[in-house]
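Number of protein chains: 4
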Amino acid sequence: MAQALDERTAKRAARTDARVQRRRRQILDAATEVMSRTGFHATAMQAVADRAGISVGLIYQYFGNKDDLLAAVIVDILEDFRDQVPAAIERAGDDPVERFEAAFRICCRVVDTKRDAVNLTYRESRTLSAEGLEQIKRLELETAEPIRLVYDEGVAAGVFRDVDARLVVQNVLLVAHAWALKHWHVGRFLTLEQYIEQEFALLLASVRVA
Amino acid sequence: MAQALDERTAKRAARTDARVQRRRRQILDAATEVMSRTGFHATAMQAVADRAGISVGLIYQYFGNKDDLLAAVIVDILEDFRDQVPAAIERAGDDPVERFEAAFRICCRVVDTKRDAVNLTYRESRTLSAEGLEQIKRLELETAEPIRLVYDEGVAAGVFRDVDARLVVQNVLLVAHAWALKHWHVGRFLTLEQYIEQEFALLLASVRVA
Amino acid sequence: MAQALDERTAKRAARTDARVQRRRRQILDAATEVMSRTGFHATAMQAVADRAGISVGLIYQYFGNKDDLLAAVIVDILEDFRDQVPAAIERAGDDPVERFEAAFRICCRVVDTKRDAVNLTYRESRTLSAEGLEQIKRLELETAEPIRLVYDEGVAAGVFRDVDARLVVQNVLLVAHAWALKHWHVGRFLTLEQYIEQEFALLLASVRVA
Amino acid sequence: MAQALDERTAKRAARTDARVQRRRRQILDAATEVMSRTGFHATAMQAVADRAGISVGLIYQYFGNKDDLLAAVIVDILEDFRDQVPAAIERAGDDPVERFEAAFRICCRVVDTKRDAVNLTYRESRTLSAEGLEQIKRLELETAEPIRLVYDEGVAAGVFRDVDARLVVQNVLLVAHAWALKHWHVGRFLTLEQYIEQEFALLLASVRVA
DNA sequence: CATGAATGAGCATTCATTCAT
DNA sequence: GATGAATGAATGCTCATTCAT
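Chains as they are written, first to last, in the numbering used here: chain Y, 1 to 210; chain D, 1 to 210; chain A, 1 to 210; chain P, 1 to 210.
Possibly wrong hints are sitting among the right ones.
Some, not all, of what chain A presents toward chain P, calculated at C-beta under 8 Å [stated by the list, open to error]:
| id | residue |
| --- | --- |
| 1 | TYR122 |
| 2 | ARG123 |
| 3 | THR127 |
| 4 | ASP162 |
| 5 | VAL163 |
| 6 | ARG166 |
| 7 | ASN171 |
| 8 | ALA178 |
| 9 | LEU202 |
| 10 | LEU203 |
Quick caveat, the hints were computed from the structure, so don't treat them as lab data.
Where a beta carbon is used, it is the ideal one built from N, C-alpha and C, also for glycine.
Put together the whole structure using the sequences plus the hints.
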């Protein structure tokens, strides 16, 4: 009987946990949407609540305060990058250049689907607490890591020059982010695919062994 | 006698004008310092006044409101870039590659002297009014223009590949800005001069004729 | 069960609505009191909040801003006139002269109970927005209307001279308001009842058929 | 020689005094104009200075502060009434009714030439200090006095009923002021002359011996 | 769990007044 | 006498956060 009770408790806990996760996601999506569009400071908690179709008070049950919510939003965005990049690299096969291209391509594509969110990341990172800032720096490095490995493979394979991989990876991410940061300009004369193609050509030329 | 009066009036006007300029600069410097450090929204007008050693009210005599002050700060930063780039290019002589390098180098150096200000530019541009936004876009394009001309010269001289100059120039500026944007990371393992050298090598490789 | 739910919802809505009305009244009374005494511009929202025993922020949940609050205060006063005049006329019976007197009398009595508020109306109407101004003009005309009808009845009955009723009614209201406007003078040598009696005698003489 | 010096001093004093009076008038006219149009609180001292074509500082040399300026403006308006009424009465001849009419007529005419100023008087009197308030009450009574005398003459002559003259005079002034106070309404269907004629008919009927 | 009424600290902005020139 | 740059107190309004229901 004690076992049955445990089981019931576990089931309820699981159900509860699922509901908690659903609520968190609901709030996070609303917050991302509103903050990306309006900016962090100009976004009222009420606006997030309205967007999520819940009350203000409930947000505080899931995220301690506004700053924490911002941190969660930014982390959520960065986690998306971190998770998608390795998968895309794997799908690309074994060729280092193709793996490198896949990494750049996926970054650009993710940026394109959440242009406002990427801009939010650049705008509001400094708003975060030291702790939050550390977390997003860590996430950015985690995102960079698989790309760095791809580059190192390429160097080992003799297709990429032996320059500081950290710089190369930074450039990859930066150029991808630029699709959001400078979209007001570059978006006027290039489509996403053209941008990817032309920027990747430049990137590749910059690192390829002659 | 009328002439003497005119002269006196002119002198007073000149003195007044000089004082106005001095005050504007004083406020602008204070605002740049405080806003760059603290961010626009977290900066109280009182803090700017304190930093400038004047009263709040006086700020409003020179800049209509807080938004206008931000616009002036950002414009002031961008004008610095716009003015320094062409001069540096001229000083570099006739060789397209050297002129290109000079352009990149000056951008990085200016970024380095005002890292916080550059970050402010990225953070707060969206805060501006549509009108202010147009102005800074215009300034950014004005800054880009002389670099674009240098690139075109290089293409004509057969040293640079004939790719979209707008993209190349954007990359130049972006990488320079990255010294501020990603300083938390790259600043830990590279000095400014190392950064300039290595990033320029990548840039050059990306566009040089094989 | 759905019915029970509906009922519960309805009850809660009713309770909420009642609370909203109570709050509005509480704020309105406090604002009327403070503004009438101190004048609109010299009244700080904090003073209204203090008087009402609530926080400043709450005022803004019920009235959008200070101007709206003033408008509501003035409208509230005028609505009192508009509502009391017809009732008093009805109570007066059928005789046109007695109905006319009842109208004048009630106006004076209401003025007397809210002398400061009436003065506020004269002082601050111009402060209102065009829209608010229209509303109070409309209310004033609505108040005048039943008195005008009484006068017309009197004309039809042959007891009042056939002069412009609009002017007569304006005089009625004006003389009633004067009990507030000129109270510093007339209040020193007449009681309210004496004022009503003597002024009504003058009014009646001015319009009675010889 | 001492005499010559005295003379020169006197002349200079007179000249100075004249200039002082001119300045006072200049500022007073500007203040009346701007305050009447905009209202006291919404009028900035700078606006008065601009209108007068002088600097803010100078206003403070002639009127101690903003409240004093308002007092001076209101007093200036009321003095106009006080001075014009007796003159008009004298010009009207000996007949009590005609003298009475002349008094009412001049009041209405003066009101008409300075409608905004009269409204200012009603709006802002309460803003004045106790002292200022006393002064304008005194002025209003001084204005009323000659009209009261006219009424008393009429009573003595047997043409006016022996009712409280203070009340009659108050009504006279009130109805005249109403041309400003209620101009938004009455101004739409009557000209000044029609207003004077019809209102005087009512006034006369209210007091004439049957 | 969920609500949203209530709080009150915080800040941009204005403007009467002063005073060095 | 005249100026207007400079001051800083005063105030309307917002919005993150709490808590009774």
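The hints, checked one at a time:
1. Because the beta carbon of A/TYR122 sits about 6 Å from the nearest beta carbon in chain P, less than 8 Å, this interface hint is met.
2. For the restraint placing A/ARG123 at the interface with chain P, the shortest Cβ-Cβ distance is roughly 5 Å, inside the 8 Å limit, so the hint holds.
3. Restraint check, A/THR127 versus chain P: the minimum CB separation of about 7 Å is within 8 Å; hint holds.
4. Restraint check, A/ASP162 versus chain P: the minimum CB separation of about 12 Å is more than 8 Å; hint violated.
5. Annotation: A/VAL163 was flagged as interfacial toward chain P, and the flag holds, the nearest CB pair being 7 Å apart, inside 8 Å.
6. A cut of 8 Å between beta carbons decides the hint on A/ARG166: the least distance to chain P is about 7 Å, and the hint holds.
7. A distance limit of 8 Å between C-beta atoms decides the matter here; for A/ASN171 the minimum to chain P is near 7 Å, and the interface restraint holds.
8. Taken as an interface hint, A/ALA178 checks out: its beta carbon lies about 5 Å from the nearest beta carbon of chain P, inside 8 Å.
9. Restraint check, A/LEU202 versus chain P: the minimum CB separation of about 4 Å is within 8 Å; hint holds.
10. For A/LEU203, the shortest C-beta to C-beta distance to chain P is roughly 7 Å, which falls under 8 Å, so the interface hint holds.
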